[in-house]
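J.: Chain by chain, the residues run as shown.
2 protein chains.
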Amino acid sequence: PKKKDYTFGNRGKTLEDELNESNEYYLAHHLAVVHKKPIPIQIVQVDYPGRSRAVIREAYYRTPSTTDYNGVYKGRYIDFEAKETKNTTSFPLKNVHIHQVEHMKQVDEQQGITFLLVSFQQLDRYFLLPFPQLYDFWSRMESGGRKSITLEEFEKNAVEIRAGFTPRIPYLDAVDSYLVNKESEDGARGE
Amino acid sequence: PKKKDYTFGNRGKTLEDELNESNEYYLAHHLAVVHKKPIPIQIVQVDYPGRSRAVIREAYYRTPSTTDYNGVYKGRYIDFEAKETKNTTSFPLKNVHIHQVEHMKQVDEQQGITFLLVSFQQLDRYFLLPFPQLYDFWSRMESGGRKSITLEEFEKNAVEIRAGFTPRIPYLDAVDSYLVNKESEDGARGE
Ligand SMILES: [Mg+2]
Ligand SMILES: [Mg+2]
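The listed protein sequences correspond, in order, to chains A and B.
To convert, note that position 83 of the first sequence is 83 in this note's numbering; the numbers rise steadily by one, no gaps.
To convert, note that position 153 of the second sequence is 153 in this note's numbering; the numbers rise steadily by one, no gaps.
Hints are not guaranteed to be accurate.
Copies of the same chain are indistinguishable here, so a pair counts whether it falls within one copy or spans any two.
Calculated cross-link-like contacts (lysine-lysine; reagent style DSS-like; alpha-carbon spacing at most 30 Å) [to be verified]:
| hint | residue 1 | residue 2 |
| --- | --- | --- |
| 1 | Lys74 | Lys86 |
| 2 | Lys37 | Lys105 |
| 3 | Lys182 | Lys13 |
| 4 | Lys74 | Lys36 |
| 5 | Lys86 | Lys156 |
| 6 | Lys74 | Lys182 |
| 7 | Lys37 | Lys94 |
| 8 | Lys74 | Lys147 |
| 9 | Lys37 | Lys74 |
| 10 | Lys94 | Lys105 |
| 11 | Lys36 | Lys105 |
| 12 | Lys156 | Lys94 |
| 13 | Lys74 | Lys13 |
| 14 | Lys37 | Lys13 |
The hints are simulated quantities; they were obtained by calculation from the structure and are not laboratory data.
This one's a predicted model, so the numbers in the text were calculated from it and none came from an experiment.
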């Protein structure tokens with residue numbers, strides 16, 4: 001286990017809060033424009049009371065068909081799904097929906113930067129798992145293998161995000177490391 | 001006025017329907033991954049009837065803080081706002097919200113591809129107006145000038161989208177033309 005380089009943990013804040021704050025920081029500093037997508041809702045009935053604004057009176061949550069966050073970083077498309085787990089030794093893949101994996105596969109094919117951002121809440125550790133690696137673990141599950149990704153596998157295949165203060169979750173640093181590695185690998189393959 | 005090169009117009013379909021179909025076509029043909037964002041809703045009260053799924057009983061529409069559509073095209077970030085008008089001679093800028101313009105400005109600064117897609121319903125004509133040009137017209141309004149963009153100004157400053165069948169609104173062709181022009185201009189300026 002690595003030494004933590006920060007004093008306060010994420011107690012009391014959800015991963016969504018932390019990411020929204022980080023995205024606000026990136027936006028204010030002109031580093032990236034990334035927003036959380038609204039939750040998709042199926043609206044069934046709306047009242048229009050005189051003089052007041054419309055009130056939705058019956059609606060249902062719909063299953064999201066894409067990921068939580070997307071946006072632009074140095075002209076490139078960024079798209080990710082954020083998940084937190086209370087587990088301390090592995091991340092259960094049942095937290096990821098098949099249509100989210102399919103969406104990320106489409107984005108990857110279109111040369112977007114796409115990844116899973118996982119928070120191990122109890123450990124105060126965060127990882128950026130690039131889609132190609134996620135897809136390997138997903139395929140392992142689909143061919144009958146284990147239904148989770150172990151912490152050791154994250155340490156080996158993901159980029160760890162060093163949680164800090166401003167921004168709380170500096171995931172663009174992890175994106176930079178990932179891109180540098182990816183480009184040197186692509187270069188080594190003569191692409 | 002240009003000759004129309006298609007037989008059926010857009011009667012009965014909303015611009016949103018047409019764009020969703022076009023995006024499905026692009027997705028199925030692995031040309032781009034672009035989706036409409038869900039409408040942002042502020043949820044106030046949710047019922048959880050036993051055994052049934054949650055029912056939202058009180059919620060309100062929120063003002064969107066970004067644009068309608070975003071996604072990835074050849075690795076690049078695409079972001080646009082779609083608007084239709086019944087006007088036949090100009091597009092009123094009151095149809096665009098200031099926070100949408102601000103969002104597009106941020107995207108443009110981050111080197112994303114961002115534009116306004118305008119449908120002149122009565123004319124069956126569609127234009128892609130790149131953000132830098134939109135911003136010029138917006139600034140003209142803010143400094144006391146006219147509050148709309150004339151059809152002639154679209155013809156001169158936007159890329160016309162030739163509506164067809166599959167996809168109905170081939171806006172990526174217009175994006176390609178725009179990028180080719182932009183890159184040759186950037187090249188001429190030595191960028
Ligand atoms: Mg999530
Ligand atoms: Mg719109």
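J.: Need the list of violated hint numbers for this structure, in ascending order.
T.: 1, 3 and 8
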